[in-house]
Amino acid sequence: MAATTSPRDEAQMIASIIAGDSRLFHELIRPYERKVYVMALSFLRNEADAEDAAQESFLKAFRNLASFRGEAKFGTWLVSITLNEARSRIRRRDTIKMESLDEPPDDYGHTSPALLRDWKEIPSEALERKEISLLLRQAVTALPPIYREVFLLRDVEGLSVNEAAEAIGISIASVKVRLHRARMMLQKNLAPQLKGVAPKRRWFPWP
Amino acid sequence: MAIECKHVWAHISGYLDGNLAPDVLEEVQKHLEHCEICSAILDSTRNILVLTADDRVFELPLGFSERLHARLEEEIEGMEAPPPAVD
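In order, the protein sequences belong to chains A and B.
If you read the first sequence in this note's numbering, its first letter stands for residue 1, the second for the next number, and so on.
If you read the second sequence in this note's numbering, its first letter stands for residue 1, the second for the next number, and so on.
Chain A on its own, in the form it takes in the complex (with noise of 0.2 Å):
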């Protein structure tokens, strides 16, 4: 979706890099760069950390490019560049309070959805209301890390559940079942909240 250049060449620029023209990168990886950082940013919850980590994930890519086999995307392998520097900047700042990358235990798969009725157009215009874009962000990322990175990936990067599965290193089947319930814990918190900020449509509370 970011990408706006065909893989063909994007593998060209690659080789033109390896073969010495190595300002191309500067090209190569412009359509990234918000990405990157997005997911940077939905670990470590800070502007700064978070473009830190975006600045040294593309220093790594762009040092071990000749490691790049084109066995994946270039975007995709660039995420799991991110996804790594992003978890080890964790680890070693969060020593004391690690946040889990493990499956927490609780049944997010039984949360049931909460109800915004007649909502059937897109607010979009809602956007434009600051508040509704923090709440948004707020929303995801208090989601639990493992699922964060999914919903990231697949719904606001628009990554394929394939690529998801690759970018992070588990299942197709894990990554559809981790969406599935980032999107219902999504569903279920912003819900009642968007209902405080958009009075004057109609909302019915979850019975």
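The set of hints was computed from the structure by calculation and includes no laboratory data.
Mixed in with the good hints there might be a few duds.
Stated by the list, open to error - Beta-carbon label-pair distances, calculated as ranges:
no.: 1; chain 1: B; residue 1: 22; chain 2: A; residue 2: 162; range: 13 to 23 Å
no.: 2; chain 1: A; residue 1: 92; chain 2: B; residue 2: 19; range: 30 to 40 Å
no.: 3; chain 1: B; residue 1: 7; chain 2: A; residue 2: 142; range: 49 to 59 Å
no.: 4; chain 1: A; residue 1: 60; chain 2: B; residue 2: 10; range: 18 to 28 Å
no.: 5; chain 1: A; residue 1: 31; chain 2: B; residue 2: 78; range: 20 to 30 Å
no.: 6; chain 1: B; residue 1: 70; chain 2: A; residue 2: 11; range: 24 to 34 Å
no.: 7; chain 1: A; residue 1: 15; chain 2: B; residue 2: 66; range: 22 to 32 Å
no.: 8; chain 1: A; residue 1: 170; chain 2: B; residue 2: 80; range: 47 to 57 Å
The beta-carbon is built from N, C-alpha and C at its ideal position, and this holds for glycine as well.
Use these hints to put chain B onto chain A, whose structure you have.
Below, chain B alone, put in the same frame as chain A:
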């Protein structure tokens, strides 16, 4: 009603991604036609996905791109001018 609401909720994500098995899809669709609650839940979930995918929700900090490319340029320049071999 052939299937319960709870059963439909379990398939909302698959429904949105269009990867339900044909028989399940048919059951879910039938249910959605008659159940206003489930169709409202589906719509709101879809809307939340559309909203969170909007570029305005996760914005790059001001100057992010300039700082990134400056740092890369330093790296590239460093490569081009390697220290003389100590041999």
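We went through each hint and held it up to the structure:
1. 22(B) to 162(A): 13 to 23 Å: At 21 Å between Cβs, range holds.
2. 92(A) to 19(B): 30 to 40 Å: For residue 92(A) and residue 19(B) the Cβ distance comes to about 38 Å; the hint holds.
3. 7(B) to 142(A): 49 to 59 Å: Violated: the Cβ-Cβ distance is about 28 Å, outside 49 to 59 Å.
4. 60(A) to 10(B): 18 to 28 Å: The hinted range 18 to 28 Å is violated for residue 60(A) and residue 10(B), with Cβ atoms some 40 Å apart.
5. 31(A) to 78(B): 20 to 30 Å: The hint (20 to 30 Å, Cβ to Cβ) holds, given that residue 31(A) and residue 78(B) are roughly 25 Å apart.
6. 70(B) to 11(A): 24 to 34 Å: holds (27 Å)
7. 15(A) to 66(B): 22 to 32 Å: holds (27 Å)
8. 170(A) to 80(B): 47 to 57 Å: violated (40 Å)
In the structure shown, a violation is registered for the earlier hints numbered 3, 4, 8, in ascending order.
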